[in-house]
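Colleague: Letter by letter, the chains look like this.
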Amino acid sequence: MRSLLLLIICTLSLFANELQYEHNLDKAIEKANKEHKEVMMMYSAVWCPECNYMKDIVFKDEKVLKYIQKHYVVLALDIQKDTLPKGFDYIGIPTFFFLDKDAKEKSKIIGGSKAELFLQKLKALK
Amino acid sequence: MKKIILLLAICSNILLAFNPNDLKKLKEDGDCPKCDLSYADLRGIDLTMSDLRDANLSHANLSHTLAHKANFSNADLSNATFINANIKGASFVYATLLNVNFTGARIWKGDFSHAKIDTCNFNESALGSAIFDGNNLTNSTFNGTILYKTIFRKNVIGIPK
Chain A
-13 MRSLLLLIIC TLSLFANELQ YEHNLDKAIE KANKEHKEVM MMYSAVWCPE
37 CNYMKDIVFK DEKVLKYIQK HYVVLALDIQ KDTLPKGFDY IGIPTFFFLD
87 KDAKEKSKII GGSKAELFLQ KLKALK
Chain B
1483 MKKIILLLAI CSNILLAFNP NDLKKLKEDG DCPKCDLSYA DLRGIDLTMS
1533 DLRDANLSHA NLSHTLAHKA NFSNADLSNA TFINANIKGA SFVYATLLNV
1583 NFTGARIWKG DFSHAKIDTC NFNESALGSA IFDGNNLTNS TFNGTILYKT
1633 IFRKNVIGIP K
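Protein chains in written order, with our numbering: chain A, -13 to 112; chain B, 1483 to 1643.
Any given hint might turn out to be false.
Said to hold, decoys possible - Computed far set for chain A versus chain B, every beta-carbon distance over 12 Å:
no., residue
1, E4
2, L5
3, Y7
4, L11
5, N19
6, P35
7, D64
8, D68
9, F74
10, S99
11, L103
12, L105
13, K112
To be verified - Only part of the chain A face toward chain B is listed, based on derived beta-carbon distances under 8 Å:
no., residue
14, Y39
15, I95
16, G97
Hints were generated in silico from the structure; no laboratory data involved.
Idealized CB from N, CA, C, for every residue including glycine.
Work the whole structure out from these sequences, hints included.
Modeller: Okay, structure coming up:
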């Protein structure tokens, strides 16, 4: 029993230290509305080094991670598997779209940047 | 005296100016290999996948330019400016990069193999997955540069920390 509890605690603490990604727009919107957050939709690709840098480095930065977890539900869409929802446009990846409650685009950030700068950009959107 | 100054000004302008036909060709075709584009103001021109091999782009202003996968191989880019340019996947193979300002430029997957690099400013730029091979980076600056998975081959001198 103790081992099971320990395993659950360890698993939960692991999840707390990294972003959880949704992969379905409707589910992401539903979750965001329920948690009084907004949806940050990331359009990226596994072969894109800039996208991987954002996932591997920037989103693991403590300040960025906490800020995103507090304000957003992250929807991750892959350029090779997913088409962008109607009404969204992009010129390159990664692109970060910020959605309102009705899944309409409020704003977007094109391209990645270092953690401090990305956090500044996020805060400027609020 | 005034005439001499005027004459000097005209002459220096002629000497420094790019070839207008070359600039026209670049704007119309999107490519201009071996062209003289020195001192050209190329800001705002879409140079995505442009062929600019062997071009003279010395002192050219390419700030804020979109030039994904542009080919600058063997081009002379001495004193050129790429401030905040988006030049992902661009090739600078064997290019002359003397005193080039790349501040804030996004150069993910750029290829700098065998480029003659000297006193370049790469501060705050993104060089993730870019390739350096056969370069001397000793006199160039890399303050705040993203060097995520940047490839430095064995024969690169002055690899930034």
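Colleague: If a hint holds in the structure, say so; if it does not, say that too.
Modeller: Hint check:
no.	hint	result
1	E4	holds, 18 Å
2	L5	holds, 18 Å
3	Y7	holds, 20 Å
4	L11	holds, 27 Å
5	N19	holds, 34 Å
6	P35	violated, 4 Å
7	D64	holds, 18 Å
8	D68	holds, 21 Å
9	F74	holds, 20 Å
10	S99	violated, 8 Å
11	L103	violated, 9 Å
12	L105	holds, 15 Å
13	K112	holds, 24 Å
14	Y39	holds, 5 Å
15	I95	violated, 13 Å
16	G97	holds, 6 Å
Figure legend: structure checked against the earlier numbered hints; hints not met, in rising order: 6, 10, 11, 15.
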